[in-house]
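Asks: Please arrange chain B with the ligands on chain A, whose structure you already have, making use of the hints.
Order-wise, the sequence lines are chains A and B. So for the first sequence, the numbering used here puts the first residue at 1; every next one is plus one. So for the second sequence, the numbering used here puts the first residue at 1; every next one is plus one.
These are calculated hints, taken from the structure and not from any lab test. Honestly, I wouldn't trust all of these hints.
Simulated crosslink set (PhoX-like; lysine-lysine; CA at most 25 Å straight-line) [to be verified]:
1. B:Lys76 to A:Lys291
2. B:Lys240 to A:Lys207
3. A:Lys291 to B:Lys223
4. A:Lys273 to B:Lys76
5. B:Lys261 to B:Lys76
6. A:Lys118 to B:Lys202
7. A:Lys118 to B:Lys261
8. B:Lys28 to A:Lys273
Footprint (simulated), chain A over chain B, 3 or more residues, beta carbon under 8 Å [as the list claims (entries may be wrong)]:
9. 19-32
10. 137-144
11. 225-232
If the Cβ cut is set under 8 Å, some of the chain B residues that face chain A in the computed set are [as the list claims (entries may be wrong)]:
12. Pro36
13. Val38
14. Gln132
15. Ala151
16. Met195
17. Pro235
18. Met237
19. Arg239
20. Ala243
21. Pro248
22. Ile251
23. Ile264
Heads up, the beta-carbon is just placed ideally off N, CA and C, and yes, glycines get one too.
Here is how the chains run, residue by residue.
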Amino acid sequence: MDLENCRGIMVYCEIDVCGIIDNSLELIGHANTLKEKMEHYPEVTAVIIGSDVGSLITVAARHGADRVIMMDNPRYRVYRPDLYSDALAAAAEKYRPEILLVGASLSGEEIGPTVAMKLHTGMAAHCVELKIRDDGQFVQVVPAFGGKVLGDILCPGFRPQMASMKAGMVSKRIFEGKVAEIESFDPDVRGFGDRLQVIETIPETRKRVSLSNAELVVTGGFGIGTQEGWDKLEHMAELLHGVSTCTRPALDAGWTDKEETMVGTSGVAIKPKVYLGFGVSGAAHHTCGIKGAGLIISVNRDANAPIFEVSDFKVVSDWEAIVNAITARLEATSAVCPDPDRA
Amino acid sequence: MALTIAVCIKPVPDSEYYNKITIDPVTKRLNRDGIPTVINSMDKNAIEAALRLREKHGGRVLAFSMAPDTAIENLKRVLAMGVDEAYLCSDRVLGGADTWATSYTLYKAIEKTGPVDLVIMGNQTEDGGTAQVPSQLGEWMGVPHLANVIALDYEDGGMVVKTKADRGTIRYSLKLPAVLAVTRDCNEPRIPSVMDILKVGKKPMRILRAQDLDLNPDFIGIKGSPTQAGEIYSPDMSRKSEALVGDPDEIALRILDELRKAGISIG
Ligand SMILES: Cc1cc2nc3c(=O)[nH]c(=O)nc-3n(C[C@H](O)[C@H](O)[C@H](O)COP(=O)(O)OP(=O)(O)OC[C@H]3O[C@@H](n4cnc5c(N)ncnc54)[C@H](O)[C@@H]3O)c2cc1C
Ligand SMILES: Nc1ncnc2c1ncn2[C@@H]1O[C@H](COP(=O)(O)O)[C@@H](O)[C@H]1O
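Only chain A is shown next, with the shape it has when bound in the complex (with noise of 0.2 Å):
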């Protein structure tokens, strides 16, 4: 897409059984401290694509969307790729937002680099930054070598200039009593038609941790070495009212099967209070996940670990005489005050 008339800025909403995902709300409100600096202070749009999913638009609206565009059809209730692809391209054809944003969720690592195709723009994938240069430039800070390098991503002459960025990089905004401009748009579109079909889609049953609200993170890495290990740590974390987190390494160990809850590139970014680590080295996909981390503590046996570094407070140590040591003062504790506001 040219430049010519292009304004504002487009999210696209991604949706799954509880409604938008905090990935594209997130994005919602960060578009709304982009705009601040845009000429014209102009407006946040955004897209939802579904079946039946008009009561989304106040949620949109209160997350800062200044239009919704409801892409609202039957043929959107089941998630393929195809025609979602074609779907937020039209949008973004019909409105021309100057930047369109995306949350690097599994669904929008597909659907965004084939809209940049459709339109003919580029984008910038995994974003950790975003932000509106002084002189109106709009720069995307991509992570490369696992984060360990940044670099900043420029696409000065297409339009949108595209973005994806994974959930927990930014915060939500609330905009109490807001009320977006409300449009429906239909275009026929058909995708690769039968050339694709979707025989059946498998929902998980299990419940998802949830980390966007965890003050107290409990990190077991590699170094934790057996299953028996973990369930202690998990133990611990469970004492300390803290959620349970892992490196890849321990995912693929498999001593925990939630993997929503590895932290790092290719799993999420935390901002808790605390982060406590036990047998984690400190790779950069690692450590670019919780950098947003109030404080910072880590405990490793080998005094030469990466993890330190990025510590504000480090413990060389075996793990588990540490976490025994804080099981043991915390057991003691409740056996002794049973009713916690009397502790």
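Replies: Okay, now just chain B with the ligands, sitting in the frame of chain A:
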């Protein structure tokens, strides 16, 4: 039906060494001296998936890469794994390509060597990790494409594919040709034997220069890339790294104390 399958391979710096990558403070250039270049790990899953289809249904597997001439070494490894032919698109004018220009060049290279029934790629590279090239190649080819593939098979003239979704899995059927991007969950890539390595010399391997490919000069390299790379920097994430010492019980008390100070309520 025997299948002609293309796999796309990117040589990347070995991720084991990422902590050693630095930026020269003066030249602002990336310093990755001494870091070995390996085949992107999910691309090995792509190769494995293609080889298994060939073993079951017959056909040929062709590898494509866009990289400097040094990537010949990586392509030898690809041939050793069992791939039949390898093509390297290497030319100065192709350098600096973003995903848009990369997918265009791969598209033209695949087109040049003749029609394929299926393209299998890695879902994501380790160095840049955009996860964009597969969908964009699919769009260039104008054929159905899916990412996050965790299982695939060829049945009744089409592909049956399982992908990982944000909350669950999806099963699709696709008509060929198609482009699929596979993840680590798809399979366990094979490791070539000495015998396999000895066979490499007999297999066709070709370097394709820009002039061999009928390229639109506006679509390649830096010029053809809608995105431009700006400054690079290393994020400074260092913190005070104060040691907590003592016996485990003393350390436990210090940790609990720091948690309380940070506003965590404990039992
Ligand atoms: C493309 C790509 C994406 C990736 N994405 C992610 C991601 O999102 N998240 C992620 O976490 N990783 C990711 N990784 C993997 C990442 O590069 C590292 O391999 C990983 O973070 C290391 O995990 P770890 O620290 O648990 O394990 P290791 O690196 O094996 O470290 C284990 C640590 O435990 C210590 N230890 C061992 N025994 C003990 C003991 N008894 N007591 C105390 N300490 C002990 C060791 O000293 C060591 O430092 C990715 C890799 C690639 C290539
Ligand atoms: N330069 C390249 N040459 C060959 N294949 C590539 C290249 N870049 C990306 N790919 C393919 O596209 C996949 C995803 O790459 P990316 O979009 O860069 O994360 C890789 O796993 C490869 O299969």
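Asks: Each hint: holds or not?
Replies: Tested hints:
With a C-alpha separation of about 40 Å, the suggested pairing of B:Lys76 with A:Lys291 is violated against the 25 Å cut-off. Annotation: proposed proximity of B:Lys240 to A:Lys207 is violated, straight-line Cα distance about 37 Å (limit 25 Å). Among the hinted pairs, A:Lys291 with B:Lys223 is inconsistent with the structure: their alpha-carbon atoms are about 35 Å apart, more than 25 Å. Between the alpha carbons of A:Lys273 and B:Lys76 the distance comes to roughly 49 Å, so the proposed pair goes past 25 Å and is violated.
Simply put, B:Lys261 and B:Lys76 have alpha-carbon atoms about 57 Å apart, too far for the 25 Å limit, and the pair is violated. A distance of roughly 41 Å separates the Cα atoms of A:Lys118 and B:Lys202; the hinted pair therefore is violated under the 25 Å criterion. Taking the CA atoms of A:Lys118 and B:Lys261, the gap is about 52 Å. The hint is violated against a cut of 25 Å. Between B:Lys28 and A:Lys273 the alpha-carbon distance is near 34 Å, which puts this suggested pair outside the 25 Å criterion.
Here's how the stretch 19-32 of chain B fares: 4 of its residues keep a CB closer than 8 Å to some CB of chain A, so the rule of at least three is met and the hint holds. With a threshold of 8 Å between beta carbons, the proposed coverage of the stretch 137-144 of chain B by chain A holds, since 5 of its residues qualify and at least three are required. Chain A is given as covering the stretch 225-232 of chain B, and this holds because 8 residues of the stretch bring a CB closer than 8 Å to a CB of that chain, at least three being needed. Look at B:Pro36: its Cβ only gets to about 14 Å from chain A, farther than 8 Å, so that hint breaks.
Given hint, B:Val38 at the interface with chain A, is violated; its Cβ is 13 Å from that chain's nearest Cβ, farther than 8 Å. This hint holds: B:Gln132 has a C-beta 4 Å from the nearest C-beta of chain A, less than the 8 Å allowed. Hint on B:Ala151 is violated. Least Cβ distance to chain A is approximately 12 Å, over the 8 Å limit. Evaluation of the B:Met195 hint against chain A yields a violated restraint, the C-beta minimum of about 30 Å exceeding 8 Å.
Checking B:Pro235 against chain A: minimum C-beta separation of about 5 Å stays under 8 Å; hint holds. A distance limit of 8 Å between C-beta atoms decides the matter here; for B:Met237 the minimum to chain A is near 5 Å, and the interface restraint holds. Look at B:Arg239: its Cβ gets to within about 5 Å of chain A, closer than 8 Å, so that hint holds up. Given hint, B:Ala243 at the interface with chain A, holds; its Cβ is 5 Å from that chain's nearest Cβ, closer than 8 Å.
Of the supplied interface hints, the one on B:Pro248 holds, with its beta-carbon coming within about 4 Å of a beta-carbon of chain A, less than 8 Å. For B:Ile251, the suggested interface contact is upheld, since its CB lies about 6 Å from the closest CB of chain A, less than 8 Å. This hint holds: B:Ile264 has a C-beta 5 Å from the nearest C-beta of chain A, less than the 8 Å allowed.
Of the hints listed earlier, those the structure fails to meet are numbers 1, 2, 3, 4, 5, 6, 7, 8, 12, 13, 15, 16, in rising order.
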